[in-house]
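Trainee: Turn these sequences into a full structure, and let the hints steer you where they fit.
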Amino acid sequence: MSEPFGRRRFLGYVLAGPVLATAAELALGRDTAAAQAPQVPSPEITDLLDLNDMMTAAALPTSGLISVEVQPDGTVSFSLPRAEVGQGITTSTAMLIAEELSVPLDRVRVTLADARPELLFNQLTGGSNTTIATYTPIRVAAAVARLRLLQAAAGEFGAAPADLRLRDGIVLDRAGRSIAIGDLAVKAASTRTEPVAVDLAPRESFTVIGRPTNRVDALAAVTGRKRFAMDLDVAGAKPTMVCRPPTINGKVGSVANLAEVRAMPGVTDVVVISTGVAVRADTFGQCIDAVRALRVTWRPGTAEGKSDQSVRQSLAAAEIPLGLRPPTPVVEGLFTFQFRSNSALEPNCAIADVRAGRAEIWSALKSPIVTKQAIAAKLGLPVSAVTVHVTEGGGSFGRKLFGDAALEAAEVSQKLGKPVKLMWHRADDSRQGRVHPMATSRVRISYLGGTVLSYTQRHTSVATDLSHGLGEIITAMAARLPVGDIGFSETFFQLSQQMSYNFGANSRLLSETDKSFNTGSMRNVYSPDVTCARELVVDQVAARMGKDPYRFRREFLRDARCRAVLDAVATAGGWGRSMPAGTAQGIAFHAEYKAVSAALVEIDCRPATVNRPIRDGVAGPRVTKVVFAVDVGLVVNPRGLEAQMMGGVMDGIAQALTAGLHLRDGYFLEASWDNYFYTRQWNTPPELRVIIVPSTSEQPGGAGELGVAASMAAVACAYGRATGTMPTTFPINHGTLSFTPKPTIPPVPPSPSDGLAHPWEP
Amino acid sequence: MPEHTFRVNGEQVTVDVPDDVRLLWVLRDVLGITGPKYGCGISVCKACTSHLNGKGITPCAVPVKDLGPADEVTTIEGLAATAGGDLHPMQQAWLDHDVSQCGYCQPGQIMAAVALVRRVAAEGRAITDADLDSLRNVCRCGTYPRIRQAIRAAAANM
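For the record, the sequence lines run as chains A and B.
Note that the first sequence covers residues 1 to 762 in the working numbering.
Note that the second sequence covers residues 1 to 158 in the working numbering.
Hints listed in this document are in silico derivations from the structure and should not be mistaken for laboratory results.
Predicted model, so just to flag it, every value in this text is computed and none were measured.
The beta-carbon is built from N, C-alpha and C at its ideal position, and this holds for glycine as well.
Any given hint could turn out to be false.
Some residues of chain B that are not near chain A, with every Cβ distance over 12 Å (derived) [said to hold, decoys possible]: (1) 3; (2) 5; (3) 7; (4) 10; (5) 11; (6) 13; (7) 58; (8) 69; (9) 84; (10) 100; (11) 124; (12) 125; (13) 126; (14) 145; (15) 157; (16) 158.
Okay, the calculated bits of chain B under chain A, using three or more residues with CB under 8 Å as the criterion [to be verified]: (17) 19-31; (18) 34-45; (19) 74-81; (20) 93-99; (21) 105-117; (22) 128-139.
Mentor: Below is the structure:
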């Protein structure tokens, strides 16, 4: 039998064990641009190497294996060293295995691996890198299993493996005899671990990869059976909450009524910890009551006295100058992006059971190795004595890169000598949780006639905390980058920002200042702000040149792949159609994660719409239609990809229009979802279309964060065109405080008791 | 401690907790019924939405003393049984439209959707965009468009 054209041979392993277990190196099959990069600096570094290449290349020397196991019941199990937080990677991973192993999808069981320090850099879920990094190794492990199963069946039938077929989990021979893979699980097992060379199924043979597929955890989710950390039943782990300071990172001075609170109904323990006063009780309701009853004297926090205005001033002082203004015409814009909350709906939470000489932790963690190491250091235990289980996460948006709650739970459990189920109240999550830093972006485009001569952008931001492990990767890789000796954040910035327009000489620099806030990489990190600023100024330049915003972008985008997504939204969205005054279209483009994307948005900014009554919420302009086009290269699950773009669109709408934090006197005013106005149903576009542009690529790109930037930018551009004024502060409603701030002492609001008093309100 | 007797998902339960403990914690921390999720504790995110005698409530705002022996609490775990099947039509629509992402808010979303469709049906009308806009449940993953599609589809089968 001749080899089909285009097949590539990979080395995997069969592992010694009682049932068939096969494996591949997680670093396998990555053609990194780093290896091919010329050793000269380039003005467009992302052409040579982007963030995903760096994450991938950083993993190359590691030898951690990921393994696929075939069970006697005919199921196939795989422990994924990544965090599922809603992005759909358990589904896409199951699809890769089902494809390569020819088993029905519902027989593939993907679980989340505990922290595995031997994987080194290779257990970080971030940078939209999961599918990019695991696409080949997971398939290789499954292909080895397939080969072993065929060989075992050949032995059973007395036939040659080439005469057998594996389909739907059953091996068939030409005579019509069949044997299920579960019946081969033991026979195909190996007594020795040894390498096995395999071919991967060629793209044209795919029947699972590329087929729109519903999530593997959907049934569990809709029946309430999906288990998040706080749903786990760990013996003795009682509800625990922390009474927190009134300002960011304040510390406990003294507690006046410890004994009194310890005697409250249901309360088992009250103890001072590094972040506040922890309360353990029979129910979380009793924790809330106890937290509210504590009388604590607080010491100052890290952002004492700071406000939006003072931070804005420090950003202005930290800005890197644009340089001399060229003699040609220029368009400039300066934009402010307020602090934003990256709270997920599942608040920070973790279960910890710390006993003498050992600790066990359960939490949704995207960087579990770093968390495990940090907990071991905090508890004074060897790393090997700390077990960290990664649970399914109720959203991340950047939050789960850090194990804040896991560290806290471990500290409380150690102090009490009892297991704890620790959860942050929403008010804690909003006010003390990590945020997307405030930033400014200054853009200058110089042009002459119909030619853009140069593009300059200076992004200035409150420091983003990258200490969750990505920092380690950057440390490891920085010396290999053709960018010289620059810091972590600047490296991350340079690697994540692409310039997709032929705008002549371009210079984009990041300056960070002020480490007094709890920050983190919110979904899509710098890109929504950077892209929004750029696209708004692009609209201005187009107007100066008398060009249509779509035509202008089309003319300057540098390749056909970029133009294809732009054309897709312009065509499907009816770009340029006549619209009533006060309404308009906006269009924007963004490239990242080896993908390109474009958004067309229609917005209604008429007073009747903006001022429509919404109880305890913000109405504002309504985005009435979004058409979003994406090319992420090879698509594993189109339905999942659509879902990620949809979520990114909702984020983009929120960041442009309604969702920001207000900093006053060293604390954020927003304390819950009735203060922080993330997109709600009344802000949701009634019309949304996601177009997946066909790709011939053999490699997948990243999707989890991709949708945010172009969406935010297109909403901003549409708003500018509808109102006739380019917006310069985001979200646009920041100047109006649309709620009455909740008190900071006590730090959490009382539990309402009028749930039955009102007729039902949705 | 006082005893409170009421019905949950078709079964009578008696719990021994103080009067003012909210139903959400009685369900989750005492009875181990974890479908209703905590998202705010002040009845604004609606992640804990369940039904009391067929109507939508947020258990985080209901002291357990407000329930009597005849009161029937339905959580996501008991929803399918109210329709006499393995899945309620709303749950099926959720699957058909692959609504869930992280899934954390979805039990509350589904319970709120069922309550909305029942209320609108009782008013003798079809679901409108304005009805869908009135849903207050937060979904931080941004599944709102698929939620709207699923509710319209399920309303036809309820």
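Trainee: Honestly, which of those hints from before does the structure not fit?
Mentor: 7, 10, 14
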